[in-house]
Amino acid sequence: MSAFRLSPSELDTAALRQELSDPSCGGLVFFEGRVRDHNEGRAVTGLEYEAFAPLAIKEGERILREALERFGVVRALCAHRVGALEVGGIAVFIGIAAGHRGEAFAACRYVIDEVKVRVPIWKKEHYADGPSDWVNCPHCASAAAPGSLSRHAHERHEH
Amino acid sequence: MNSPIYGLVLSGGRSERMQRDKAALDYHGVSQLEWTMGLLTPPHVARAFVSVRRDQGADPLRSRFACIQDVHDGLGPLAGILAAQAAHPEVAWLVVACDLPFLDRATLLHLIAERQPDRLATAYRSTSDAAPEPLCAIYEPACRQPLLAYLERGQGKGKGKACPRSFLQRSDVALLDQPCWSALTNVNTVDEYSSAVTRLGKREQAEAQSFAPASKPDEQGQQGKRGKHVSIQYFAALREQVGLHEERVQTRATTPAELYAELRERHHFSLPVESLRVAVNDEFADWAQALADGDVVVFLPPVAGG
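Protein chains in written order, with my numbering: chain A, 1 to 159; chain B, 1 to 306.
Keep in mind that a hint or two might mislead.
To be verified - As a list, the in silico SDA-like pairs of lysine to any residue whose alpha-carbon atoms are at most 25 Å apart:
1) K58(A) x N136(A)
2) K58(A) x F235(B)
3) K58(A) x L175(B)
4) K58(A) x L176(B)
5) K124(A) x L300(B)
6) K161(B) x Q56(B)
7) K58(A) x S275(B)
8) K58(A) x A257(B)
As the list claims (entries may be wrong) - Chain B is nowhere near these chain A residues, computed Cβ spacing over 10 Å in every case:
9) E10
10) D12
11) A14
12) R17
13) L20
14) D37
15) H38
16) Y49
17) A51
18) H80
19) G89
20) F105
21) A106
22) Y127
23) D129
None of these hints come from the bench; they were simulated from the model.
All C-beta atoms in this analysis are idealised placements derived from N, C-alpha and C, irrespective of residue type, glycine included.
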């Protein structure tokens, strides 16, 4: 199975963690992105993810390879949900296994930041107070533009 | 880890109705065998072979490529698939007939991208009867034993001639819709050959016209009317605005930027081109690159994963 995968069903994080076990690795970092009950001041009741699968997998794998090369970590994997999620649901899981904690934390941060701006996955939020809408973050749009130098703009906001 | 994909071009047909070797026919300026092998190149497949009958091993048209000889006689295309699986049982085989002059890279790339390695095979639905198209399909390593069992069962029981289509119909196969309508039209007779050459000639002329950077307006008026066919897949906000996941259009747009402008007028997209990226044939692309007939284009709204 590829190191970057899309899953239409709930992520099995125990199995994903197990895939990362490696006797040469002393530092393992896991990140879970979960569905929050609010965004930009509005109450969120749930959401849907949609992906352009062939390219999402290719780009996701490129990001994971970059993490291995840049940070010298031993294993890197990422699983992303597609389909409908409720508040509290796990939208994305990232796992890094490395010799030591420093590079594991750095690689994990790198992977989630890059996935958010480069992988063709879209999110439609359902709100308590009005019609659903596709999330369209202007910071992300400019950061994803080819040749853009504004990647740092993304690091100052969280969503 | 998915098993790697090797390509296999079937060239062992008897070409009885054509009365000429179908692999040697010229539709594109080179032999059809050479042209088909040219579609099966890395990185899409790791290696590619020509499937030949036992008596074709020394044929100069075929022997310039890596060949796999049939082990069985009289089994038609199944013999080629079985011999390839026996030679490299660990890989998946992208099997392609050499009598498909309209086959395009977009159709092959889509098949590879949508491959389901945990099924026995991934194939297209026939546009005429929705049955699996067996000769542009990916056969997984796991289908080797079922295929052998199918042959053993099928022989001598009056169930009709064993063929890869009937094997796929009885098996757990992922079936895809074809991105390009006529890509798998095969050509069996002399009449079909001449009509295919005419159609391809017209298509190539239209392409050459739309690629010409500085053609005169009067020439465009005469020859550029036909344009090219491209497929567009829509996601997220764009999908909802069009109300379709995919459409196929005939267009004179020469770049993705021109195509988006044309479609934005038709569908009233809210998103300006500056907020989008574009992908062609499942890879990020440049807005100014040349569009080709059969391309599959995706306009990517601002992403929001994580």
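*Please write out, lowest number first, the hints stated earlier that are contradicted by the structure.*
16, 17, 18
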